[in-house]
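Going line by line, the protein sequences match chains A and B. Residue 135 is where the first sequence starts when you use the working numbering, and the numbers rise one by one after that. Residue 135 is where the second sequence starts when you use the working numbering, and the numbers rise one by one after that.
Everything hinted at is true.
The calculated lysine-lysine pairs, modelled on DSBU-like cross-linking and capped at a C-alpha distance of 35 angstroms, are:
1. LYS495/A with LYS720/B
2. LYS795/A with LYS495/B
3. LYS789/A with LYS779/B
4. LYS173/A with LYS779/A
5. LYS341/A with LYS779/B
6. LYS495/A with LYS196/B
7. LYS789/A with LYS795/B
8. LYS434/B with LYS495/B
9. LYS341/A with LYS495/B
10. LYS341/A with LYS789/B
Simulated from the structure, these hints should not be mistaken for lab results. All figures in this text were calculated on a predicted structure; none of them were measured in a lab.
Protein chains: 2
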Amino acid sequence: MTPENLFWIGFVGAVLAIAFAYVQSRKVMTFSEGSDTMKKIAASIREGANAYLRRQYTTVAKVFVVVFVILLVIAFASNGEMLSKFTPFAFITGGVWSMLAGFVGMKIATNSNARTAQAASESLNKGLRVAFSSGSVMGFTVVGLGMLDISIWYFLLHYAFHITDATTLANIMVMNGMGASFMALFARVGGGIYTKAADVGADLVGKVEAGIPEDDPRNPATIADNVGDNVGDVAGMGADLYESYVGSILATFALSAVAGYGFSGMLLPVCLAVEGIVCSIIGSFFVKTKENADQKSLLKSLRTGTYLAALLSALVAAPLTYTIVGNWGVYVAILAGLIGGCAIGYFTEYYTSDTYAPTQKLAASSETGSATVIIGGISLGLKSTVASILIVAAAVLISYFAAGGSLNVVDASGLFTAEFNKGLYGIGIAGVGMLSTLGITLATDAYGPVADNAGGIAEMSGLPAEVRERTDALDSLGNTTAATGKGFAIGSASLTALALLVSYVDIVQTKTAEVLNFTLTSPTVLVGMFIGAMLTFVFSAFTMSAVQTAAQSIVVEVRRQFREIAGIMEGKSDPDYASCVALCTKGALHEMVAPALLAIVVPILTGLILGPTGVVGLLGGVSVTGFAMAVFMSNAGGAWDNAKKYIESGHHGGKGSDCHKAAVVGDTVGDPFKDTSGPSLNILIKLCSTVSIVFSGLIVAFNLMNML
Amino acid sequence: MTPENLFWIGFVGAVLAIAFAYVQSRKVMTFSEGSDTMKKIAASIREGANAYLRRQYTTVAKVFVVVFVILLVIAFASNGEMLSKFTPFAFITGGVWSMLAGFVGMKIATNSNARTAQAASESLNKGLRVAFSSGSVMGFTVVGLGMLDISIWYFLLHYAFHITDATTLANIMVMNGMGASFMALFARVGGGIYTKAADVGADLVGKVEAGIPEDDPRNPATIADNVGDNVGDVAGMGADLYESYVGSILATFALSAVAGYGFSGMLLPVCLAVEGIVCSIIGSFFVKTKENADQKSLLKSLRTGTYLAALLSALVAAPLTYTIVGNWGVYVAILAGLIGGCAIGYFTEYYTSDTYAPTQKLAASSETGSATVIIGGISLGLKSTVASILIVAAAVLISYFAAGGSLNVVDASGLFTAEFNKGLYGIGIAGVGMLSTLGITLATDAYGPVADNAGGIAEMSGLPAEVRERTDALDSLGNTTAATGKGFAIGSASLTALALLVSYVDIVQTKTAEVLNFTLTSPTVLVGMFIGAMLTFVFSAFTMSAVQTAAQSIVVEVRRQFREIAGIMEGKSDPDYASCVALCTKGALHEMVAPALLAIVVPILTGLILGPTGVVGLLGGVSVTGFAMAVFMSNAGGAWDNAKKYIESGHHGGKGSDCHKAAVVGDTVGDPFKDTSGPSLNILIKLCSTVSIVFSGLIVAFNLMNML
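Put together the whole structure using the sequences plus the hints.
Below, the structure written as structure tokens:
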């Protein structure tokens, strides 16, 4: 059997993953949703989330149609010269699958929150199992849909349209990433604005001004806050990681062709993904503890599952890699990716968990007020980039050189050497290796917001304090495991971005007769780098100020309700939850379009003005600055959140003290950092690359510098 | 007369500038220092500043001796192969001149503050004249010493050591920049930590906790705060701009040789600088108004002076440039630099002045508390990078192409084309053009801290409220003009950094037999870029947390004095000012060494591990990220400061309101942004470049990648 005929294995993986997700979702649904109050609250959250996502998808659909038509015109007007005729359709399917991944995650999460609260009222362990199963549904749906998308397109192109040349096929498929990235960016940004506008709005008036606890039913923004967890942390994250997963595999496809591995090199990432799915399923059976286990043993059981899956996956990858591409160096690259992901995860935890010195020191800085908390958090986040960047640097160099790369990057004619292409394939496959067990790492990540919601429902429906304590324990556990998940996502994003950058150069080079020069000292490259850094900064600014704009409208509304609805503070009359939900929806939809369009418009404009060399500079600039910024924002935000929790657990005067108030300011600033701007930057980096690749034909044909 | 024998003109410029500075300083000293109380306070500030600078120079001297010995060993052990034997000595002289520039500025500033307060008690215009004269002393001393340094070294090398080859001479001279940059970094970082630790410490306890006004004599940190203005905003800025001025000229020297302009291309920046000095002197005669002028006409008179100088300088530059290098394109490059600097200054003002929407909107965000002020300021700062980056991008492209650059960057053998080198010379000279009228722009910048101090003295010595109002008006005027000054400094830094980056490549290339490849897609270049971004982030973190550490010790001390010294709040007993001064000194000296060493160690280590291609990546990464970060931090900090002042002037509830309290948090966070981390980043970028150039011989000889 030749490798090109073995891609049915992708379907096997997809079926396995989706079947497992289905079984898990049936399991969750057998649990009770609890009392009528709980059912009612859960229903409002479900409704709010449904309504938001429906409207979000409607808005996004319009943008997709516009881009689709533009792509269609370019592809058919140039008769496939400037753009493959498949690309417009691949753009749509990528978007739809990515949307679906987020939607399924949201569906199960909003069905699991009350069930988790109810289960937690029986035991901590039972609560964990419901929440974790819900997380698994999302985790395995993401990887299953990803495999399905890749496999379907492969079969379509290879068997229905008879594209038998590996390079042509890979170059068409790598463009599929654009739809997924674009959808993911909308989902992350829109969801991120929604969730943080609600959260910040609820906290600013409720916690800080009125002095009522979090999730208090008297707070009009509390339902919106819980809806936000589902549309941002669940649906947004699902779309995001779908994009990362598919993106890393497709980037490796493109590199395989140029590295001379042909279909074998494309089969390898698919096989890695499939064996990763199997290992993740096995690992998830090990996530269980005795009844009435404490938090430490819960963490241990989650860890056992993920590490076991990673270890198994690493072991299976060895013979697999050698059989498929016959090169042990490539296996070293995969290991470098896997270990790099774990290492970034560890350092993310080190910098953001309150069991380590940095966050404890940050909590201590609250003694001198909120300004020092802010300065402390910013410098903590900036410092934390050292670990992540050194790890990525090491992973890049190890995977490159192990896979056969050398210092000779270009040959005498200015084209990439064969060794360079082999090394680059190593970087691409390292990114795939990092994400191979995404099924289970995402499950441990996605269960967090469910636990968070469960806590909200417990509070609002007046369940006993011990239930809230248990859901809080689950939630805080989720924060720790989420750190590891983020490490994998961010690490793979940087490797995928580098792989896509080189794919871009390859694709552009085949389209032009002259040898293009991408020397860093070239003024167009340098200016491109400046533009890339600028894009990162302005994108972060847009997403942050979007949260602020949306949050301020919530603040005004909550204050109005406190003032105008008589008896609200005594709990005698109900607040108007729906108006806050509607405001968040409106705000998020209104604010999400501009930053998302930036990611499309800036690379195209740069290309049209500066040409391909400017685009390469931009991609380099946005990859490097975006990565550093994403790590900074995520870690600063995480540390502020946990510093506040650390104080709440009784340090520095505990809840209600001046230190606590100072820490709440830090947490509020950190919210858009860690849940809106930071995670969106990962997607921005890759979207810029795929947009550049898709429009490369246009840019090679028309650019100002060439015409002058 | 051949151009190589015309460099005596540098001495003429130096003598003119220094003579003018001397005359101005005599003029300042004729004014009265006011009452005995004022004299006493001024003396304490002088003493504190003197004591700090003495200790700072002692500490820095030790580091300089270590680096000097290392350079000496490398130069003499390799018999000048790895490093010119002149470099160790040039390193020392560069440092000494830079130090002297800052020291003279501090001397005159501490002698002018009480005099300004006293003069302001007579009229606003009189106050302005004293303060502006004091600023002129510093401005012209900086440019005078810069010209002196360059001229002396030129004469020494050319006439005493008979180095008649332009390339050799330029390559030796470009290394002189390292000493100046290193000294400047210490002065900026150390001074920046001092001033902001004192300021933050004084504000946190005095204004926020105890509720006493700024500069209240009961606040034990108030003298330290005033000392800080002199050692940070004056001595630090002097050393910083000395470095920028000399750096831009020397970078152009290096590029002139490779661009084929030889001694003519080196003479041009010297002549530009000299005519700039003359134009600045002329311009400064126009800084005067009628007695009892209002603030608007004061601003107009300052503007008249600077714009007149710039315009004159631009006019004179036209025939000068054509005569010396015979190329109108080079003149366009100079204009691009000059206009670019003004444009960046304008946008800096737009984003940070409370007469424009952004800062007013920021002030309005205080309505919803300190968290939204922080988020708003961060996103304002991030957004503001768009204007600066687009302007620099335009300046780079215009100056490059106008001066003869083309898209063909390297020739068939991989070496830079003649057109590329010509274009690069354009970028270098644009940087010089931007700084040619530094004498007067720095004067308008340096007078700000003097006015600030004068206000402090007026408050502490109980002068009538109207005097304080006048000094406040002068101070706020200074904030506006400082924005323009910062625009020039930051813009020229980016152009100089790019010029130095290419000089590095040129120098390294001549030292290696094989053609080095600096393609952006090369893994070592990419990893270098990541390291560059990391260096920017971690440097910012170090400087910020240094301020925090030092400020916290001040907070503790001030609280202790309020608690332990009986009658302090009633004004019956004096606080112990000296202990705060001593604490700031200790803190600043302790914390400044690590970030300064980073800038030396990271480029060398990167070179030793990754080789020259990694270093080029690092320089690209640090230039791009550092520039964006510097603009972000400076503008965010400036906007927070002015948003607070806007509220204090009666908006959103005015002084003491909740909005004001929220704005004070923003201002406190912004302090290290705008006065410590932000401005230091300019120097970091250039220090990395010169360190890389100086150690290039070592790195070419020993690096891991080459040895593997």
